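Here UniProt numbering is used: the first residue of the sequence shown is 1, the next is one more, and so on.
Everything labelled a hint here was simulated from the structure, so no lab data went into it.
Where hints are given, some of them may not hold.
Heads up, simulated DSS-like pairs for lysine-lysine below, C-alpha to C-alpha not over 27 Å straight-line [said to hold, decoys possible]: (1) K138 / K212; (2) K135 / K214; (3) K135 / K212; (4) K142 / K220; (5) K135 / K220; (6) K214 / K138; (7) K214 / K142; (8) K142 / K212; (9) K220 / K138.
Beta-carbon label-pair distances, calculated as ranges [stated by the list, open to error]: (10) Q175 / D227: 46 to 52 Å; (11) F116 / T234: 17 to 23 Å; (12) A117 / N141: 30 to 36 Å.
The structure displayed is predicted, hence computed values, not measured ones.
Positions of the beta carbon are idealized from the N, C-alpha and C atoms, including for glycine.
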Amino acid sequence: MFGKGRTICRLCHNVLTAQRISAALCPQSAISAKDVLAPSPTQTHVVQRTVSLTFGGMSFWPLRVHTAGFSTKKTTRKDLAPQDEDPFDPLTDKIPEKPVTFAEGASYSVIILAGFAVAAAAAYAVFKELIFEPKEYKVFNKALLRVQNDNQITVRIGQPITGYGQDSRNRAARQRIPHREWVDEDGVERIEVQFYIRGPHGAGRVHSEMFKDKGDRQWKFTYLIVDILSPLPTRLMLESYVPA
Numbered sequence: 001m002f003g004k005g006r007t008i009c010r011l012c013h014n015v016l017t018a019q020r021i022s023a024a025l026c027p028q029s030a031i032s033a034k035d036v037l038a039p040s041p042t043q044t045h046v047v048q049r050t051v052s053l054t055f056g057g058m059s060f061w062p063l064r065v066h067t068a069g070f071s072t073k074k075t076t077r078k079d080l081a082p083q084d085e086d087p088f089d090p091l092t093d094k095i096p097e098k099p100v101t102f103a104e105g106a107s108y109s110v111i112i113l114a115g116f117a118v119a120a121a122a123a124y125a126v127f128k129e130l131i132f133e134p135k136e137y138k139v140f141n142k143a144l145l146r147v148q149n150d151n152q153i154t155v156r157i158g159q160p161i162t163g164y165g166q167d168s169r170n171r172a173a174r175q176r177i178p179h180r181e182w183v184d185e186d187g188v189e190r191i192e193v194q195f196y197i198r199g200p201h202g203a204g205r206v207h208s209e210m211f212k213d214k215g216d217r218q219w220k221f222t223y224l225i226v227d228i229l230s231p232l233p234t235r236l237m238l239e240s241y242v243p244a
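Work out the full structure, taking the sequences as your base and the hints as a guide.
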């Protein structure tokens, strides 16, 4: 009884001694059973080593020592550090715009309003020129028509007869009719114009004054005088108003 117990104790002692020697010979094999059963992800292989021990003339069964080999690749701080993000995020790579101040906004508004005012003035001038014929042009057209239909003029300078504002090569000056507007003491509106005429055989200058009749609101001649300049200088009185 005591002999068997002594033998078991000796065997246990020999086993412990064998484990210590195994740990001394292979330090890498000193791992727990948990590590052997569930190796870490970095383990690449497990090597089994057999150690045969003899103590006191007694041979023990071979001890299999599990040694785990680990990857030789070292994990550095650089690998653990997060990758640098792209500084140019496609959603935020736009250059931020400077906010518009109140003064800048007001100045822009003034410029826009000024542009609208200029455009409106130009449109009004064109509309007035095309739709509402100025008074001096009304008098000019009536006087020119009267001259073109007068035989005293056509026999001297021929026909067709054209009229223009000033004797110049400048188109704007030729289209501008020199005139004078006023209202007399009776409240009658009057316009005086002066322009040039030219025919195939000569030229002349026209002086005309018209007033706006209060009764029928029509323009009527006060006088219409034509000075023939060429070929022979002559003054002709075509119209003269005589009050009733």
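Violating hint indices (sorted, rising): 10, 11
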